[in-house]
Amino acid sequence: MTMLPRFRRLFRIDRGAVDVPVAVADELQFHFDMTIDELLAAGKSREEATREAHRRFGDLEQTRLGLQHIGRVRVTRERRAQWWSGMSQDLRYALRGLRLSPGFTIGVMLTLGLGIGANATMFSIIDPLLFRAPSHLAHPDLVNRVHLATQYQGKEFFRANYSYRTFLDLSRDTHSFADFVGYWPRNLAVGDGTETQERRVTGVSASFWQLFPVRPELGRLFSAQEDKVPFGENVIVVSWPYWQSQLGGRRDVLGQHLHIGKLDYTIIGVAPRDLIGLELTHPMGFVPLTSMATNSFEDRGAGRRYYDSYSMNWLQLVAERKPGVSVAAATADLQQAMIRSLEQKSALQPGSDPIASLKPRAMLSPIQFEAGPNRSTATKVGTWLVGVALLVLVIACANVGNLLLARALRRRREIALRLALGVTRGRLLAQLLTESLLLATLGAGFGLLLASWGGSVVRHTLTPDAEAGGVFSDPRMLAFAALTMLVAALLCGVAPAVMVLRADLAGALKSGSREGGYHRSRLRVGLLVVQGALSVVLLVGAALFVSSLRQVRAQPLGYDADKVTYVEQNLRGTALTDDQRYLLLDRLVQRAQELPGVVAASRTTSVPFYMDWGEPLFVPGIDSVSKRGDFVLQAVTGGYFRTMGTRIVQGRALSDADRAGTEMVMVVSQSMARALWPGENPIGKCVKIAADTLPCRGVVGVAEDIKRGSLSDDPGLMYYVPILQYPVGAFGIFVRTSAPATETADGIRRALQAEMPGNAYLTAQPLADLIAPEMRSWELGATMFTVFGGLALLVASIGLYSVIAYTVAQRRQELGVRVALGASVRSVLQLVVGDAMRMMAIAVALGIAGALLAARWVAPLLFHTSPRDPLILGGVAAALLLVGLAASFAPAWRAAHIDPATALRSE
Amino acid sequence: MADLDLLQGTLDLIILKALIWGPSHGYAVARWVADTTGDDLQVEEGALYTALHRMEKRGWIAAEWGLSENNRKAKYYQLTSTGRNQLHTKTEMWNRYARAVGRVLQTS
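Chains as they are written, first to last, in the numbering used here: chain A, 1 to 907; chain B, 1001 to 1108.
Okay, chain B solo, but in the shape it has when bound (with noise of 0.2 Å):
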């Protein structure tokens, strides 16, 4: 299959989604990203960190420097309320959108 490009706002949806689990620094993000969708989002891993830190100047996220798994000082990400409230309205529309769209399609 080949690339997607990323809609607008997907990646903002993914990256929010991926710290549901708690704080997480850039690259257990991108890890996560890659595992999850596989092959089918090729995710530039820059646009994902510009994407993180665009939310964390907007105050969905907030960022902490801390140490990670093998002691190294890391900058890690969590929700912020906000965030959580973002992904929950963003989440609904993505899902009402892709009904939408899948619905047109199957009528053809």
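Isolated chain A (complex conformation) (with noise of 0.2 Å):
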């Protein structure tokens, strides 16, 4: 046995492609020679030495297979283990590079932080919105929600609300579907006494459990036998979140009773936790539909009961196509079944609007409501703040790649040292990644606190009626996060890893570590720019939508909508003639008169953002009264005017003492009597109130305008007459405080409810509740436009200190040699400074650029602003500048001072 001349470890020789095979072959001939050289020397035939070495080794095809398979495993194992050696001195190196510069490490973790929060935050709030199916979906890829396309006078609306009887047409006359289910979602008075409290009640057809196969918490689910027509069994599911919350989580609730609306539930079963239905929250459980119509609608007489009705349009339905179906197809038999179903409703409402003129159009779209045709606004601000967090993401990279690369810059000799010994850019590459991947995720735990959070507070404003799900404990947040972590990793490591890939292994192992890094920078120049352009963009949209709110709220309303609470009676079964309910309502006005820090009270037949009465009018001498616009009638007690706030700008106001035997009255706004009488005095003009026949109504006062259905482009077309001249609408009353609604609402509530016979109670909502969910997408907007162009600001900001403060650094010595020369300070600043507004001012245009370019898209959102504002476009510009000016300025005065005597020596 001698030794061997030379050495050379297997996986040395052919890393990359160790042929296993190949080697096990050369392995065994090389025995095989051996043996045969050694038989052949003993004095053996070829023949008979051939035979002998196989006689020795045994079967030599199963040998050799077995070998391979070991090979191959060896292979694969050995290249693992490499692999993560590999991976793990990158991450020790990675993890010490970072505990050397805490500083570094903490403003990355914090940039990228706030990068991936802002994404993980608008994630949290569209995902549900517009992505996620509802859970325990049995096949979320057949299930659609039912559109009906109609157009009217030239628009196209979408319907999304049924009969039942459309509902039964549609499910019949199909042939598609797997499933048809009708659901309404109510809010109904729920318990008994002071325990009462309007919950959220669905309704939904028996087919909802094929939809949703879920095994119930407790008890058992309703069948179709329960869910009958014309009356349901009066049986609820309820939901886990009441179960838990109000029933104490007991097992033995199967069979109590709930007093639902008006009518008395037997609880059969508990839903699973997650079980939240169609729409975005929780209800306190879910009932049949036949039962909740029964809850909800009085029987009206033959053709006006809800099962035999087509003008009563309450259900939402939902499809699901049986396997296979396609949508095209589906939708296809769902319009014929759709035309067919209006055909039958004109045929028993002769007069309405002939089919063809309607256009009708069946959909199939998707399950989350907000992602079909009727989109809110809520939603259409939350896609662009998804693009706005995208941007701050953007620039978050941006920044932390300009400090890698500045890292990276430093370490050019290093780096170009290592290239020279042989280091693979690979190698050099993974490093790098694996320091950005780092980075990163500190940065994705730190978003994710930031979103579990931020998220809450968006959510409330921008989606209050959504459910939150916990952010660490929601799979597809976590997967968002993951790959938000990934592309923000890539994007900070892109810059530095051009650098390496470009590294001139000569030129920078010959000259110092600060020469050369400054031409170098045009990179991180151009990552500034960037980061500069996006914040001014992002800076424009916050102005815009600060500019759009505060319009908004300076819109007068023609009403003081902070000081009026409006109170509505439910009458809960309680059997009560119209009269009654007029004498009612009196009661309840004159009672909240007594109350103190009550102002005035008033009864109301409309209200604004919440509901309007509408009567035909006829004006002698115009033709058709109703082609001039949409007229709102508001019948009103005396005290209405002061109870509001809306001014008479003409003429009187209503008083109590216009009764019914008095001169019958009625005051109009300024728009209604423009829009009838144009150039002419309104006072005295007569109107006929529901017909044509009736006598005359002398206009006595004219009030201004009112915003009741839209803060933007409110016609504002409104009249008041005295409701003792034409009682209509007994729902509720107008009370006004001295103190803000808000504060006073519930005692006037709490005080009044005692007026209330058997079951009835009472609501009470301040004005500016009803409001603001129109103020909500603009105050969104301008919350986050400004947050995240905050943000985006600050960063940009750091960024430039940063490249300006380390570009000093750079030039130190050429600084010095001017300051030695006779430069004087303001010459250095200057020279310094004007570097920053150079870049800063090519950010801007870009940016102003940007901005200009999306303003065709952001018009639609915004209020009375303009997006090519030039104020708003000239400010942003000016902040930029200004934060430049700042932001350069530390550093360049430091340059300014540099001694030239230490500056000169330390090179």
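Accuracy of the hints is not assured; some may be wrong.
[As the list claims (entries may be wrong)] With a cut-off of at most 20 Å between alpha-carbon atoms, the simulated EDC-like pairs for lysine to aspartate or glutamate come out as follows: (1) B:Lys1073 x A:Asp37; (2) B:Lys1017 x B:Glu1044; (3) B:Lys1057 x A:Glu78; (4) B:Lys1073 x A:Glu38; (5) B:Lys1073 x A:Asp26; (6) B:Lys1057 x A:Asp26; (7) A:Lys262 x A:Asp192; (8) B:Lys1073 x A:Asp19; (9) B:Lys1073 x A:Asp33; (10) B:Lys1057 x A:Asp19; (11) A:Lys228 x A:Glu298; (12) A:Lys627 x A:Asp692; (13) A:Lys380 x A:Glu774.
[Unchecked claim] Selected chain B positions facing chain A (Cβ under 7 Å, derived; list incomplete): (14) Gly1026; (15) Glu1044; (16) Glu1045; (17) Gly1046; (18) His1053; (19) Arg1054; (20) Lys1057; (21) Ala1074.
None of these hints come from the bench; they were simulated from the model. Glycine included, every Cβ here is placed at the ideal spot set by N, Cα and C.
Each of the two chains sits in its own frame; use the hints to bring them together as a complex.
Structural data, given as structure tokens:
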């Protein structure tokens, strides 16, 4: 046995492409050659030798295969071990680097955390609205909402509510669907006495349980037999949160009774914890749809009962296609059934618009309501904010990339040396990426913390109705955060990676660590300009939304929303005649006026942003009044104008002296006066309500316009009549207090509740609460754009500062020479600050261009604000330049005061 | 004497022992085994190679390609420190086992 001339370890020889079969063949070949040589030497013939060698060896093929298998396993294992050791080496290296510069690490972590946190926050809001299918849905891919598009006056409208009869028609006349579900969420009074509270109860057809094939937590679900026309069984499957919070999570609740609406329900089951149904939040429970109908509608005789009427549109429809049926095929099927149903409807209601003119189009839209045709402004703004959050992330990444690049530049010599010593570029890249990945991971952790806090704040403003899940327990959220983290790591790592790939070995090795870096910072300047430009875009967005919000708030409403409370009566099955209801309301008005802190009270028919009452109008000399707009009736008692704070601009207000029997009077709004009698004095004009044959009603006053249906372009066509002369709409009263309504509303409700007979109860809402949702999208846009824009500006200015400071450090020697040669403080300041301002100027120009480009798409979301407002654009530009000045001043100051002796000696 | 079936692990022990004098290729190991055991143990060379590769996978021995006595490329095996430890414990175990079995057979 001789020592070998030289050893080379196997995996060193042909690392990367170890050919196991060849190695095995070589080894065995060697063995056979040696054996045969030995036998030949012993005097055997070649034939005998070969046979003997094979005999000694045994089954050659079997062994060969065995060896190949073992070899392959070993090679894979070695590679994996090698990869891991490389990985852990990189990781240790990166960790050591980060520990050595804690300031940098924390800065990057915060920057990336803000970027990732912003995105995680927006994702947690948008996901349930647009992407996530409701939990427990058996076949999410097969389930759609049913929308009906119709044309009216050249515009297309999308309907999502249908009559029970349409529901039956569609279920019967289609063949593409495995399941048709009708549902109706509704707020009903739940409980008795002081415990009574309005809660959302969802009526669902029994087919709902096919769509959501769940096993109840307790008890059972209801069947089609219990959801029968006309009267369903009064049974309820309560939701898990209600069971936990209101029923103590006890297991003996089955069979207990609950007073819901005007009916008595028996609890038959508890739904599983995460069964929410087709909306965004848990209802208090699920009841049969037909029982919900009984609870909600009176029997008004043939053709007007819920199950044979086409005009009561209260249901939302969801359909599950049969497996294998395409959306297109199912839509075609649905379309013909829908047309058939519409034909039936017009046969029953002669005189309705011809079907052809409506151009009806049945649609199968996504199960997420907000992803369908009727998405809310909040969702639209939310979608914009997703884009904004992405910009913030890009800015954060540009900044971190810049910092990493600075680090890499500082290590140029080290990197060049390592390359020269034979480290592959791939290995170096892996190391750089490990570092940025580690930073991104830290950032993502911080970002998730931010999202779990910020998410609840934003969600509260954007979608107060949506149910919040935990950020850390939601796998989709975590997956999204991980994805964002990877993207961020790649984005941040790109710049330093480019530098490593293009590294010029000889140059870097020859030069000092300082020189060269300066010339190479073009990439850094580019990143900085991008950051600046994006900040400009975001700040312009912020300014536009803030301005919109200001405009919205400054809108004259025509009433004092802050001081007025709307008190509504709910009879809950207590039988009262119309006259009794009117008397009850009068008593409430009287009682309210006696309460301390109450200024005035009045009965009302229409409530702004809540409900409108309309009657046909007839005016002598005008052919068709309805062609001039939608006129809204407001029948009130004498204190109305004082209660609301609506000013009378001409003539007189209504008073309690305007009674049945006295002269018939009315007050019109300014815009109604303009619409009906342009250029004329409206006082004394004649208007007839409901029928042309009725006597004239004289206009005695003109009131200022009010906003009732839209804050932006409300025509404000209102007319006011004394309720004693036109008794309609016995729903509620307005109460004006001297203190803000938010503080007084509940006290008023309590005080007045004493007047209510039987099960009847009151609800009280500050008028401002009814208007709040109208403002929400602008509020949200203003807040979020400002927050994100501020973040972006902060990050960008830190970036600017660090780049300038770095550049100054790079040019220390050069600047030192200048100072030594007599350059004044002023000229050095100019030199450095001028550099920064040039960068900022380019950034501002690009940013303004971007903002103008985006203007077309933001415009519809704004309110009385032009997206090209020169004041806003100019202001933002000035702000950014100022920030640039501030960020570059400190390093410039330092540069101007360099001690030339030190600077020159230090190289 | 009839062929002895090799007890589980015995072949490993023999190979480890064969490598104790330094790196060696498979053919040399086979020769050594055949020479040392004479005709008492009939070891199929195929099984021997399988054992070599298995122990390489386990990290008891390391393999390297080198040049043989007659200047040919050959795969050389040598003990690793794990392999050396294995050899010690296995030898110990084998001796105890053999003594025990021997005692049992003598008492009859």
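Do the hints match the structure? See the list:
Between B:Lys1073 and A:Asp37 the CA atoms are separated by roughly 16 Å; this keeps the pair inside 20 Å, and the hint holds. Simply put, B:Lys1017 and B:Glu1044 have alpha-carbon atoms about 17 Å apart, close enough for the 20 Å limit, and the pair holds. Among the hinted pairs, B:Lys1057 with A:Glu78 is consistent with the structure: their alpha-carbon atoms are about 9 Å apart, no more than 20 Å. Proposed proximity of B:Lys1073 and A:Glu38 is supported: the alpha carbons are some 17 Å apart, at most 20 Å.
The suggested pairing of B:Lys1073 with A:Asp26 holds, with an alpha-carbon distance near 8 Å, which does not exceed 20 Å. With a CA separation close to 18 Å, the supplied pair B:Lys1057 and A:Asp26 stays within the 20 Å bound. Restraint check for A:Lys262 and A:Asp192: satisfied, since their Cα atoms lie roughly 11 Å apart, inside the 20 Å limit. For the hint pairing B:Lys1073 with A:Asp19, the CA-to-CA distance comes to about 16 Å; that is within 20 Å, so the pair holds.
The suggested pairing of B:Lys1073 with A:Asp33 holds, with an alpha-carbon distance near 12 Å, which does not exceed 20 Å. The hinted pair formed by B:Lys1057 and A:Asp19 meets the criterion: a straight-line CA distance of about 16 Å does not exceed 20 Å. Pair hint A:Lys228 plus A:Glu298 holds up; C-alpha atoms about 17 Å apart against a cutoff of 20 Å. Distance restraint check for A:Lys627 and A:Asp692: the Cα-Cα separation of roughly 16 Å lies within the 20 Å cut-off, and the hinted pair is therefore satisfied.
Between A:Lys380 and A:Glu774 the alpha-carbon distance is near 14 Å, which keeps this suggested pair within the 20 Å criterion. Using the Cβ-Cβ criterion of 7 Å, the hint placing B:Gly1026 at the interface with chain A is satisfied: the shortest such distance is roughly 5 Å. Among the interface hints, the one on B:Glu1044 holds; its C-beta lies about 4 Å from the nearest C-beta in chain A, closer than the 7 Å criterion. Look at B:Glu1045: its Cβ gets to within about 4 Å of chain A, closer than 7 Å, so that hint holds up.
For B:Gly1046, the interface hint holds, since its Cβ comes within 7 Å of a Cβ in chain A; the closest pair sits about 4 Å apart. This hint holds: B:His1053 has a C-beta 4 Å from the nearest C-beta of chain A, less than the 7 Å allowed. About 6 Å separates the beta-carbon of B:Arg1054 from the nearest beta-carbon of chain A, less than 7 Å, and the hint is met. With a cut of 7 Å, the hint placing B:Lys1057 at the interface with chain A holds, because the nearest CB-to-CB distance is about 4 Å.
Hint status for B:Ala1074: holds, given a least beta-carbon distance of 5 Å to chain A, under 7 Å.
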